Amino acid sequence: MTRRRYRLHPWWWVLAAAPMAFLGLFFVWPLFEVLSRGLVVDGHLDAAGMWEVLTASRTAKVVATTVWLAALGTAGAVLVGVPAAYALFRLTWRGQRAIRALATVPFVLPTIVVAAAFSALLRPSGLLGSFDLDQSVAAIAVALVFYNIAVVLRIVGGAWSAMDPSTLSAARVLGASRWRAFRAVTLPALTPAIASAAAIVFLFCATSFGVVLVLGGTRVSTVETEIYLQVNQFLDLRAAAVLSMLQLVIVGFTLWVANATRRRRERALPSRRLDGTRPATRRDAPVVIGIVFMVGLLLAAPLYALVERSLRTSAGHGIDHYVALFQQPGLAILPVPVWQAAVNSLVTAAIAAAIATMLGVLVAYLVTRRSRRGAVLDTLVMLPLGVSAVMVGLGLLLTLNRPIFGVTLGGSWWLVAAAQAVVALPLVVRSIVPTARAIDPRLRMAASALGAGTWQIWRRVDWPMLRGAVGLSMGFAFAIALGEFGATSFLARPTRPTLPTAIYRLLGRPGIENIGMAFAASVLLAVLTASVMMASERMRTQVGADL
Amino acid sequence: MKNVGMKDVTVKNVSETPASGASASEISSGATSAGVKSTGLRVSSLSVTYPGKPPVIAVDGADLSVAPGEIVALLGPSGCGKSSLLSAIVGVVEPSGGTVAWDGVDLAQTPVHKRGFGLVFQDGQLFPHRTVAGNVAFGLEMAGVPQHEREVRVEAMLALVGLEGYSARAITELSGGQRQRVALARSLAPAPRLLALDEPLSSLDADLRARLAVDVREILRESGTTAIVVTHDPAEAEVMAARVLRMRDGKFVG
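Heads up: the protein sequence lines correspond to chains A and B, in order. No gaps in the numbering here: position 482 of the first sequence is 482 in my numbering, and each next residue is one more. No gaps in the numbering here: position 13 of the second sequence is 1013 in my numbering, and each next residue is one more.
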């Protein structure tokens, strides 16, 4: 009788072959290539050379900067995010939803846009230009805070709004002051959520690339940007490879901590969902207004500066820079007009989103029913999350820049799409699998008993209920690919730039026209990304939601 | 080997369990030409084991025969293995030993969707993305029934379960009792040779349950459906089934 159970396996492996081959070719192999470049020279282990890179004073400085920046960014995000979580999630008031939505905007913005926005704010000619913050650690830290408040809001806000208010009342009745009650009851209850959020923010900060590269310029560099600089300026592939390994260690350690805190948070969560929110009263008004004003200022100032600078011309304000997006700039500045880069971005992002979604649906189907082989596949697919995009880009550059089976893949524009698909795939899978697992398995049994075969079940039962989630994740994948900078910066040819790489190039060129064009292009990219996100949110159907 | 409640009709085939498709068709054609009716379901020493440490033996060598048109109830406390037995018969759970045969044909190699058995659960089984009619039509679509025939059959089925005019309704608009009626109609629409009902009324109020138990019995009788009902309620079993089999610890008792 067990015959039949074994008969199912070959099909599973046949279907799993596609995502496995894709990740093997475009992720695992390149990653090994990076690691072996760092370790092996002329066929034998080169420990001395590795040691040389590791002990270089520049390496120590870069690692210190990475950790210090990540710590600053994390501390800032928690210090701003926790009070904001109180005002936006624990309390309820009119107009709150709009503010919440606005607060999550920075997180969906492409890194290059955030970098450009802060650049607009801090450049000598910017709003805060007189403070000389350009290319400073402080400026990067603030940009990281800007980026990551949404993470803290989401995790801590979620925990806070579900926290039982009766324990707080009990403490107050027992004679604790507001502050004492907060410290003795609320804070300990929130600690797991805060720790979890902090670990995730630390990870995002430590692997942040675009923001550091643009704002740090030549003065501040982290492991991520150093990898890029070693490859593109010093042409030292081995140093880049060794730094990649170092980065893997940092990321691995952070992931381990994040996982530990997540487990604690899951344990700390109440089994039943309760509503711990309370309507804001007149007495809360000063606090809420103060917090919202602070957060609003932090979030709005850079975006305002970006839009303002994109409209500022040598003769006042106008749409000159936007017009310039459709003209050919000097060939030394950018080989194609910006609109062409935007088209390149849209095309590659569409292909990347299609690949990531197709593979994501396949993987989701294969891992929905929990099994050991499913867990292996799931882990493989999630790996790119723990490896920085810079390393994916570098690996692909090293691996595929030579003929394979007589075909030279290096420099092919679709390599960019493949890299973007690798980056987007984990998020696609993560957003489809919960929906797929939420489908009552009895529906499939019922369909089966009614005469539906495996394919019919998927087509008639799973697909109608997954459609919404798939559409949504395809939109997200598209938005991620559109703004992807880490891997793309390694792979996009100068003659075929994407919008983010074009913006990066323009930001690095002197002259108010080029800078202005960079800001206009950033606004364009932000608008594109935001529209994609909004459109895909609309694709989320109500089917299955009410059962 | 102890055969609980074995009917005389089925004895004939026990000794000559067919191994190949040829002999199976011989038997069924022979039976038809001789004017003998279909012999129905025959379950021999069926076991279901769930992996684990130690493995859980849910069903331990159960033997059971159900004649065509007969309604049998499997009664027992929760965890006695009655649902596992039913699932193994329908084919949604893999048995660890024993055979399930219909008209003398072993079904081990027949996947669920080709067995021609129907299945009704306690709740949560209707396709939320389809209307009432869409749900009832599902099995007919799978069988490739043309659309106009489908529509006629769906209406007839809805009439049978007392839900005329509900075709266009969304599943979410129905009460618990109505949902179970739709589930019953959906399972009966493709005219299954056997209908398996797994605690079909357990999610309903006591009051509604008593009334619906009588209705279900009448519907099954009217359509001449062979059925196995799993329940933990003795009264319900008595109302719905002509024969009640009690189970405990994976085995039939009494």
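You may find that some hints are simply not true.
[Claimed, not checked] One-sided and incomplete, this derived list gives chain A residues near chain B with beta-carbon spacing under 10 Å:
| no. | residue |
| --- | --- |
| 1 | V287 |
| 2 | I289 |
| 3 | R442 |
| 4 | R444 |
| 5 | A446 |
| 6 | S448 |
| 7 | A449 |
| 8 | G451 |
| 9 | T454 |
| 10 | R460 |
| 11 | R467 |
Because the hints were derived from the structure by calculation, they are not lab data. This structure is a prediction, so every number in the text was calculated from the model and none was measured. Glycine residues also receive a C-beta, built at the ideal position from the N, C-alpha and C atoms.
Results for each hint:
{"no.": "1", "hint": "V287", "verdict": "violated (42 Å)"}
{"no.": "2", "hint": "I289", "verdict": "violated (42 Å)"}
{"no.": "3", "hint": "R442", "verdict": "holds (5 Å)"}
{"no.": "4", "hint": "R444", "verdict": "holds (9 Å)"}
{"no.": "5", "hint": "A446", "verdict": "holds (5 Å)"}
{"no.": "6", "hint": "S448", "verdict": "holds (4 Å)"}
{"no.": "7", "hint": "A449", "verdict": "holds (4 Å)"}
{"no.": "8", "hint": "G451", "verdict": "holds (4 Å)"}
{"no.": "9", "hint": "T454", "verdict": "holds (8 Å)"}
{"no.": "10", "hint": "R460", "verdict": "holds (7 Å)"}
{"no.": "11", "hint": "R467", "verdict": "holds (9 Å)"}
Violation of the numbered hints given earlier is confined to hints 1, 2; the remaining hints are satisfied by the structure.
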